[in-house]
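*Asks:* Letter by letter, the chains look like this.
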Amino acid sequence: MVGVALSRWTMTYFAVALVALLVAECLMAAGFGYPAVAAGAPETLALVHIISIGWLSLLMCGALFQFVPVLVASPLHDSSLPLPTLGCLVAGLIVLLLGFLKLGGEIDLEFSYFPVAAALLSLGFALVLWNLGRTLWAARPLPLPARFVVVGLFSAAATVSLGATFALVLGGTSNGTLLNIASLGLPIHIAAGLGGWLTCTAIGVSYRLLAMFMLAPDLDGPTARGALYSGAVALAVAVVGGVVAIFAGGNLAAVLGAAGLLGLLAVVLYGRDVLFLYRARKRRKIELNSRMAGLALVNLAMATTLIIVLLGAGKFEHHVAAVVFLVAFGWLTGLGLSKLYKIIPFLTWLECYGPIIGKAPTPRVQDLVTENRAIKWFVLYFFAVWAATAALFLEAPMAFRGAAAAMLIATIGIVVQLVMSRRLVDVKAALRLPDGVRKPRLLFSRAP
Amino acid sequence: MQTTFVDVDVRPILRAGGEPFEKIMEAVNALGPGQGLRLFATFKPTPLLHVLDSKGFTHEAKELDGGEWEVLFSPSGAPSKNENPASAAAGPDSPWPEPMTHLDNRDLDPPEPLVRILATTESMQPGEVLSALLCREPLFLFPELAKRGHSWRGGFEPDGKTYKVLVRIGEHSGSAA
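Those protein sequence lines, which keep their order, are chains U and A.
Each residue of the first sequence is one higher than the last, beginning at 1 in the working numbering.
Each residue of the second sequence is one higher than the last, beginning at 1001 in the working numbering.
I should point out that these hints are in silico values taken from the structure, not numbers from a laboratory.
Some clues are possibly wrong.
To be verified - Pairs of lysine-lysine, PhoX-like flavour, derived with a Cα cap of 20 Å:
(1) U:LYS282 to A:LYS1147
(2) A:LYS1044 to A:LYS1062
(3) A:LYS1164 to A:LYS1044
(4) U:LYS359 to A:LYS1044
(5) U:LYS359 to U:LYS282
(6) U:LYS376 to U:LYS285
Given the sequences, and given the hints that come with them, work out the whole structure.
*Replies:* Structure below.
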């Protein structure tokens, strides 16, 4: 019967993550990285890691430190660790980016960038896994959404291990085994990162958050279990089978194809459950965050369909960048931004007005946002993502830069809305700061 | 030291719509040194796990057929963490008066259930009890109750869908916190 305290540094994670997203969009609009240069070029790798570590992973970590305790009804194992964890991750990312810039000849300073980056990022993610893992372990047996998170955490471990291997190779190691993994392991790294760590975890958390915010029943039925098991097996096949195939000289493409089919099954089952949640909700008037999350889910379905069609036509490899882009920005970023639009006002409201509820009049959570103003930025964002995806398919780099600029403008618009809700700008002055209420700090929550 | 377990089966009470908390606490208080409790329930008694954890028991929960649960509570040897609890565990084993006020918050949008419960507690006297029905465990409510010096007990009803929470108003109620 413990309660769940506000996670003190979750807002800090969100803020750093949003800065990384804006930086990545600026770079894309400026023509930095793919498609102006090759997908494997150092500039592209720098861009990809700003998005995958700086934006998506930090967003996910911040959300998990707040919501894993909600999923399992137990407090976080160690609430003092998230801040040093963030420090390791950000420092590791910066050193990694410098390493890529050095590789591309853009900076000229001798330093062991890649080994240091590998050490810092491994330490940071190890702290994430330790803290969340201990929290989950103490709460066994786990409810279904938390089990998706467990699969996601295992995938994160696999992603980071492979990434550290690549970094050591880029740093100049001549160990044959590591070279072998580095030369062939990239698809496994991407599958474990995007498919396992980010998508599987997002699916697990969304099962609970969609039900919570729309007043729908919590799902624990055969389809949800099916999605969990097929997703977990898909990732095990991709990671374990893939590494075995590399060492044994087996057919890596066949292994990844089998994993992909299982992954598709998981997404289809999850899609059925999500449709059920939207239909079974008690809350008839559906808030902006749930409508926009719906668009993100449409993007997941579109990406899934595209993968099937492209594989069928034998053109997947040619268009893999466009599909990865749609997964990263249409699905994961779309879901992330739409859920932030609920989570930030909700946590801010709780932090600010929780202590005086019942003692003085307080605003409602919805009074912290103005959906009519925010919706245009979300609509612009999703249209821009679709345009950018189309530009990648059509191999039109200038059109891609234009679409990326539109994404940047839309994201700035959304970030401004998030900051305004955190600063209580939309709350009527009479209700904004009753006695006993302090204005929340922008970048962290007050100690409970 | 080998732990021996005393069996308590609260499934008949739960099926009859009753509240087995008192009976479980009686059994826990009657345990001798080195004795543990084997509890049978019709659902996983999550809130109870935390209550007994604070009394120095570790637990091992196992799902049986038909969604029923068997939980083994073993004395951990550690002294109980909340010898002088200010909130949640405040005298969990002493009987509480019948609730004065009943709220049905099952159809409210979050966070309205939390708002209504906190607002209602402000108009009640110390020692009085409020009962509320919710459609999920109100995890964000508990820290606010603790800050206000109230104690609470809660758990899912036998249907597994309705969460019932009882709040007993603490001595600090009414003071400007």
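*Asks:* Has the given pair, LYS1044 (chain A) with LYS1062 (chain A), been kept, meaning a C-alpha gap of at most 20 Å?
*Replies:* holds (9 Å)
*Asks:* Hinted pair, alpha-carbon criterion (20 Å max): LYS376 (chain U), LYS285 (chain U). Please report holds or violated.
*Replies:* It holds: about 19 Å lies between the C-alpha atoms, which stays within 20 Å.
*Asks:* Straight-line Cα separation of LYS282 (chain U) and LYS1147 (chain A) no greater than 20 Å?
*Replies:* violated (31 Å)
*Asks:* Going straight from one Cα to the other, do LYS1164 (chain A) and LYS1044 (chain A) come out at no more than 20 Å?
*Replies:* With a Cα-Cα distance of about 14 Å, the restraint between LYS1164 (chain A) and LYS1044 (chain A) holds, given a limit of 20 Å.
*Asks:* Please verify whether LYS359 (chain U) and LYS282 (chain U) have alpha carbons no more than 20 Å apart.
*Replies:* violated (29 Å)
*Asks:* Verify the proposed pairing of LYS359 (chain U) with LYS1044 (chain A), using a straight-line Cα cut of 20 Å.
*Replies:* violated (35 Å)
The structure fails hints 1, 4, 5 (numbered hints given earlier, in ascending order).
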